[in-house]
Amino acid sequence: MSRDGWMKKKANVGGDNGWSERGGYMAAKVSKLDEQFKLDAPREKHKEGACSSIFSGVAIYVNGYTEPSADELRRLMMLHGGQFHVYYSRSKTTHIIANNLPNSKIQELKGEKVIRPEWITDSIKAGRLLPYLQYMLYAKQKGLLFPGMTLRQTSEIAGPSHRPLQLNARQKLHLHSKINEMQECGKDHPRLAGVSKVVKEAPLSNGHTHLVNGALKPDDLSPATDQPSRPKPPPPNYHEAAKASESHLLPKQPQTPNQLDKISNKTHPSPASLSLSYSSVRLNGSHHNAFSSDAASLSTTNTAATPDPPAGNSSFSSSSKSSAQLLEQTGGLISEFYSHSRLHQISTWRTGFSEYVNELHSKRKVAGGACFAGKDRLRKLVAQRHVDSTSAAINVKSCILHVDMDCFFVSVGIRHRPELKGKPVAVTSNRGQARVPVRPGANPQVEMQYYQRKYTNPQPGEIVMSDHFVIENSDSDRQYETASLSMAEIASCSYEARQAGVRNGMFFGKAKQLCPMLQSVPYDFEAYKEVALNMYEILAGYTHDIEALSCDEVLIDGSTLLAEVGVNPDDLAKAIRADIREKTGCCASVGMGSNILLARLATRKAKPNGQHFLKSEEVDDFIRDLPVTSLPGVGPVMGRKLAAMGVRSCGDLQQVSLSQLQKKFGPRTGQTLFRFCRGLDDRPVRYEKERKSVSAEMNYNIRFTKVDEAECFLTNLSMEVQKRLQEAGLRGRRVTLKVMVRKVGAPVEPAKYGGHGICDNLARTVMLAQSTDSGQLIATAVIKLLHAMKLQVQDLRGVGIQVQLLEGNQSVRQDCNVLRKRSIKDLLLGQEPSAKSNNRDTHQEKTSSTTVPSASSLPHPLSPAEPVPGTSKEQPAFRQTPKHSRSRLNLSIEVPSPSQVDRSVLEALPAELREQVEQSWTKRDGKQNNCRSPGLQLSTANPRTLLLQIPNQPDSPGIVLELPNFSQVDPDVFAALPKELQEELKSAYSCVTNIQPQAKICKSIVELAVKESLLLLQVHSHMVSLFQTETDPSTSSSHPDIPESVTKLIARPAPALAGACDLTDIKTLLREWVTTITEPMEEDILQVVKYCTDLIEDKDLERLDLIIKYMKRIMQQSVESVWSMAFDFILDNVQVVVQQAYGSTLKIA
Amino acid sequence: CRRLTEQEYSMVADILCEFLEVAIHLILYVREVYPSGIFQKRKKYNVPVQMSCHPELNQYIQDTLHCVKPLIEKNDAEKVVVVIMDKEHHPVERFVFEISQPPLLSIRFSSPLLIRNDTLLSHVEQLLRAFILKISVCDAVLNNNPPGCSFTVLVHTRDAATRNMEKVQVIKDFPWIVADEQEVHMQEPRLIPLKTMTSDIVKMQLYVEERTQKT
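Protein chains in written order, with this note's numbering: chain A, 1 to 1149; chain B, 1 to 215.
By construction, these hints were calculated from the structure, which means they are not laboratory data.
Be a bit skeptical, because a hint or two may be false.
Said to hold, decoys possible - Sample of chain B residues lacking proximity to chain A, with all beta carbon distances greater than 12 Å (derived):
| id | residue |
| --- | --- |
| 1 | S36 |
| 2 | V47 |
| 3 | C53 |
| 4 | H54 |
| 5 | E73 |
| 6 | H90 |
| 7 | E98 |
| 8 | T119 |
| 9 | A130 |
| 10 | N143 |
| 11 | P147 |
| 12 | F151 |
| 13 | I171 |
| 14 | D180 |
| 15 | T196 |
Unchecked claim - Lysine-lysine pairs mimicking DSS-like chemistry, simulated, CA-CA at most 30 Å apart:
| id | chain 1 | residue 1 | chain 2 | residue 2 |
| --- | --- | --- | --- | --- |
| 16 | B | K41 | B | K134 |
| 17 | A | K38 | A | K92 |
| 18 | A | K1067 | B | K195 |
| 19 | A | K1112 | A | K1147 |
| 20 | B | K195 | A | K664 |
| 21 | B | K41 | A | K1109 |
| 22 | A | K1109 | B | K203 |
Glycine included, each C-beta is placed from N, C-alpha and C at the ideal position.
With the rest of the complex left out, here is chain A (with noise of 0.2 Å):
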């Protein structure tokens, strides 16, 4: 080609280039490789032999190198039946396969799906199209959702045909509308609906008022029923009708029985239409119904809705009617929905005892002494036994028992079936029958192996293909037979049973394969109340030193009775044993030691039903040799990460130095794990806790189809939260809206009915202008909230709000405590679960999370519901990280030694800080004093609200008065003033942005959070810097007691981040922060703002952008959006500092 011809050639490109007919060059070239594509294939396949259509409707674009090639990828491709696109087309292009991806194609393919080639290889070897899901080649692919190919995808799973998918989403809505239409008839004619006695009465022995989403009408009837007389509507109709049924309320239209029968008649015998399937799985789901009348309708539930067609009806009603339930306008549903909770309750009972401990300190206090029945009893054993012999009582320094009942919910279960007795046994929901139909839509195995992935695989960055999967998904037959196993969680077995290998949380189906011989026991919540309310009766007879660990579980101070009675240890746990043997038919094991670990610890060489007595010299040996996981506080996680240490036994872990174990774990877990290991633990047993945060969550059956419903869900739950500060008489400040988010690509139906599925876990907090405990400002914070997340309603999968920084009115805290002078009898017993009781949720768990227990255990037989795998273990995590950290940071708290404190700055401080002084004094003693005074207790409930007021407290006036704002201060002035002067002014500017927001609103702060939740976080204000600034007499040069030649002669320390200050050292702090930690503590956010600024003030930019660029990398990675934001916010943060500082902000590239 010439030079000339070249020129001209791309001279023409603007205009006219011969190819404009055909629509441009690009496009003509696509078309005809398409085309060529096309050809090809059924030469391929006439080479190949083999050949199916797996890929019908993929499209997949090759970007980058691949394994295989893109040439062999396309040769698969013509195989399948799918399609190969030279050019990436974003409408027509369905995944893009790429092995790795440079960051910039990652971003411009942002929402796309990117996919390993081991997709489709895997899927031929399969012979289906796999889910793509754990193919995803970046596990954080946030991004619109294609609910239409998700959909497909799920339909593929779901069954062998490949239905289009417009049908199969239509088929889905059009079954809704249904659902309605029949609920609609039921409610009108409950005469006329006399295909099923259940539709009619499993609402009605509910006492439920069932709001009916809409009617259809007639003509807008499935296609399903063939009416002759009906004309089939076209397509776009069911899509309207759904619609309609759902948002309008269409004037009811009655409808005659015949037509009621011929809908379920067809519904019903096609075995493999997917609306049997559909409602198959609903039947299981009526369990939601069946738990929330009381026992007595239970049962006739129960015989009712056996599995015929027109018990499948009733279910069906009744599911639909709990999803509309959870629509309804009407207060009191998520109240209910906790009253009927069986589980929740159990979970409340330890919150129970703790009260019933309490009550019985304040009784004494009140009456001066108690009787002691069992105390008594142990007096005369001794006495008897000096008697017998002369052996002297040993005496031991300090006691603690653990007592702890075996397998407590089987052997309640099995005390009056004696047949039982030495057999497999294990507490299910499930019925016995170990496999259970797989519902449309849902897909367990995906939803296993994303467990699965999830706790052998700690990061989620890296994915790393494990053969279990392939293996999984070339057997198709083995996969069905995992996919029918019953998902009902083992609330505990027998030790028979754990010898064959069973373990509480495992699944039934999976416990029975392994032990054929297992045998179910229903849930017994009377029993289960009975038994434990014995056992702490039975406790309370010997001591009042009871920390309630749960309903079965309890430590035991047993020092001083024990020096008081003069018995040894082993013989008062032979006593409690025999007692509680004696009245509850249970046994109990008793572990005892020198502290709680070791009682703990110890308890586990006593189960079953035994004793056993860690005696102190005998402590190292035994400790040396136990796993580090039976550590309390060492989960699976931290399990793996000492054994990648080479950490394995305790043993091992004694060789890790402090200093070592804080690195790599933080300063408060290290020291924590550095002591366990040598058996040392210096908690004291508490019968009193303070209560941190009170919430209500529900992750079950939350399915919303419009914003206004979930908006009228959560002002019901803040309603619920109302209710319980109120009864707990507290107000709260923070308000935290947690959800759960069906993860991108997940199926739209979990395995588990009504469940959450795989979820992303998103919190957004905000802080209201004073504390409340009114469900109305609770519910429009959290409404806006929601808002601003900008989510799909339809995605959400769980709703949680935690209230905190609760201030307490103390007094009428303990009004109540003395007036109710309720016996623990009251307290349980009279909790039916039908009746409202207004005491009831008094005794919440302090914990942060009130979950609904996911219908897993619930005790229904009927409902053979497969338990999420994540309801379990998620939980426990979410509530526990943002206490660790916390608690960590505490630590950090630098205070100066007793001694080296003026007592009358201290007297100066602040009730609060004072407090907080004084307790890490005892804390550092290693003393904590179990009895504070009342005054003293109340203090500690909210110290950040009063430490913003320091300024105002007119008994502190050393500290800053009239400030003008920092961007107000002309720097030449300020450069002008004398160097202490500077100094002074520094460090109260330090304390004002702290402080401003309440005083003031401080203009920079507000600029500076653009974010409505950002500048909550920042009006939280620092409690440790602030705490720092304030008592740490060498910085603060606020104190007119501080000579200030202090401040000159005594260097600035160098900056440091909760005590590191090395580059590297800071850096394994970051990413242990933002790898272990969902959801960042405000806090330690702050802690990370104030360390910047100090490099800032320390002049220190090099390490200041060494360390913005590592936070970039890590936190922008991390899979939790939060964290994003979080570095957006110090970024912010820091580039207003850096910009007063320097004139100038930081490039961030």
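Starting from the structure of chain A, add chain B where the hints point.
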């Protein structure tokens, strides 16, 4: 704990001025303020550096630093800034050498003689070498400058040092003048930290402020 003696300060000033000279030459080369033809490769701090062989330019730099030195000696210079300006004399880049006292005058050497300690000097030299290396690669993090740039050196002084500076002219007819606002102010500056050093005798950091829109 003690402050540096006068003698030590002059030591520090010597070291710093020597370094600044090298750094300025290198900046002019790396940022292409002058054609690369006028630069020659030399060795300083054991690394190759570029030095101009244009006598007038060299003289200017030397004179400037000569005047900076007394300020450093008195610890009056807070920042020494090499400003690169476009044709309109608006700054496009500012190389800021921020000089401050070491955080804690090391208790290690209580005797002034120890400052001549070879290990100390070689340590400082290592740190300065790192600066030089950073400067020579800083074009990677900076955007290209528009053609026709010139440069100037500014000193930010502490306290009331300016009055003294006006009184005393170190070099005749080479006085300090107060910088124009135009020369100091930069629109939408972005800050790029290059290097920070902390040694026993001096603490210094170098960062670049860059105008967002250079052309």
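Right, here's what the structure says about each hint:
B:S36, annotated as away from the interface, keeps every beta carbon of chain A farther than 12 Å; the closest lies near 26 Å. B:V47, annotated as away from the interface, keeps every beta carbon of chain A farther than 12 Å; the closest lies near 19 Å. For B:C53, the shortest C-beta to C-beta distance to chain A comes to about 32 Å, beyond the 12 Å cut-off, and the non-interface label holds. For B:H54, the condition that its CB be more than 12 Å from all CB atoms of chain A holds, with the nearest at approximately 31 Å.
The Cβ of B:E73 lies farther than 12 Å from every Cβ of chain A, with a closest approach of about 20 Å, so its non-interface assignment holds. The non-interface label for B:H90 is consistent with chain A: the shortest C-beta to C-beta separation is roughly 15 Å, beyond 12 Å. Chain A draws B:E98 into its interface by the beta-carbon criterion, the shortest separation being 6 Å against a cut-off of 12 Å. For B:T119, the shortest C-beta to C-beta distance to chain A comes to about 22 Å, beyond the 12 Å cut-off, and the non-interface label holds.
A cut-off of 12 Å between C-beta atoms contradicts the statement that B:A130 is not in contact with chain A; the least separation is 10 Å. Its closest Cβ contact with chain A, about 10 Å, brings B:N143 to no more than 12 Å, contrary to its assignment away from the interface. Against the 12 Å criterion, B:P147 stays outside the reach of chain A, whose nearest CB is about 22 Å from its own CB. Remark: the non-interface label on B:F151 is consistent with the geometry, its nearest Cβ contact in chain A lying 19 Å away (cut-off 12 Å).
Distance check for B:I171 against chain A: the nearest CB is about 28 Å away, which clears 12 Å, and the non-interface claim stands. With a least CB separation of 16 Å from chain A, B:D180 remains clear of the 12 Å interface cut-off, as annotated. A beta-carbon of chain A is positioned within 12 Å of the beta-carbon of B:T196; the least distance is around 4 Å. A distance of roughly 17 Å separates the Cα atoms of B:K41 and B:K134; the hinted pair therefore holds under the 30 Å criterion.
Under the criterion of a C-alpha separation no larger than 30 Å, the hint pairing A:K38 with A:K92 is consistent with the structure, at around 16 Å. About 18 Å separates the Cα atoms of A:K1067 and B:K195, which keeps this hinted pair within 30 Å; it holds. In summary, the hint linking A:K1112 to A:K1147 is supported, as the alpha carbons are separated by about 13 Å, within the 30 Å threshold. Only pairs whose Cα atoms come within 30 Å are accepted, and B:K195 paired with A:K664 is accepted, the gap being roughly 29 Å.
Under the criterion of a C-alpha separation no larger than 30 Å, the hint pairing B:K41 with A:K1109 is inconsistent with the structure, at around 34 Å. For the given pair, A:K1109 sits about 23 Å from B:K203 by alpha-carbon distance, which is consistent with the 30 Å threshold.
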